[in-house]
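Enquirer: So the protein lines, in turn, are chains A and B. The first sequence begins at 1 in this note's numbering and counts up by one. The second sequence begins at 116 in this note's numbering and counts up by one.
No incorrect hints appear here.
Restricting the straight-line Cα-Cα distance to at most 30 Å, the calculated cross-link-like pairs of lysine-lysine (BS3-like) are:
(1) Lys42/A x Lys124/B
(2) Lys172/B x Lys71/A
(3) Lys42/A x Lys172/B
(4) Lys124/B x Lys107/A
(5) Lys129/B x Lys107/A
(6) Lys186/B x Lys42/A
(7) Lys172/B x Lys124/B
Have a look at the derived ranges for each label pair, beta carbon to beta carbon:
(8) Thr122/B x Phe39/A: 19 to 27 Å
(9) Lys124/B x Pro52/A: 34 to 42 Å
(10) Gly17/A x Asn180/B: 45 to 53 Å
(11) Pro123/B x Pro52/A: 38 to 46 Å
Hints were generated in silico from the structure; no laboratory data involved. Note that beta-carbon positions come from the ideal geometry of N, C-alpha and C, so glycine has one too.
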Amino acid sequence: QQQVKQSPQSLIVQKGGISIINCAYENTAFDYFPWYQQFPGKGPALLIAIRPDVSEKKEGRFTISFNKSAKQFSLHIMDSQPGDSATYFCAARARILGGADGLTFGKGTHLIIQP
Amino acid sequence: NAGVTQTPKFQVLKTGQSMTLQCAQDMNHNSMYWYRQDPGMGLRLIYYSASEGTTDKGEVPNGYNVSRLNKREFSLRLESAAPSQTSVYFCASSELGPLHFGNGTRLTVT
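Please model the complete structure; the sequences and the hints are all you need to start from.
Expert: In structure tokens:
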């Protein structure tokens, strides 16, 4: 059972355009929704995150939009640059007994920004 | 300023061989995790350790064992490797916040 569904699987955007990646979740116990960015040969790194009590969070060119009633959230990359080319993962957290962070990841979006 | 360090970076095993993947973090985090990443599958949790002395199964634990050696180190063992365990393995740590990942071990089982 896939608890976090991510789309599209791959995305090509022209330089300067807006990249949009969408995720949907099912478990209402999720309390934290991060996005991770991964470059080839590297581990994922936290990009931006949101909690369900806000509808939008912006950090520079990156914005998360969150719709609690629809159980959906999305990442928008404004003015996309070739350096943004990477794989992006959405995730959702349900706290595990003992304090560990039980992140469930989407399957990832391979983003290519064409110059 | 190492963060999460994984060794080795690459490994090739024959079916049935065993090996241990090592992970160490220098951020004094209580929680540590092992994930595997496969094309089109995202990251799936194998085992985690909420704190020193405890370990628990994640989503895909079959064929693996773990040891939380101390607060810094969390190892993943494959007792009898199978081709289905060909993957990239990531270790991560956290302390009531975001997960910090290592750069992975690329494992091929032939």
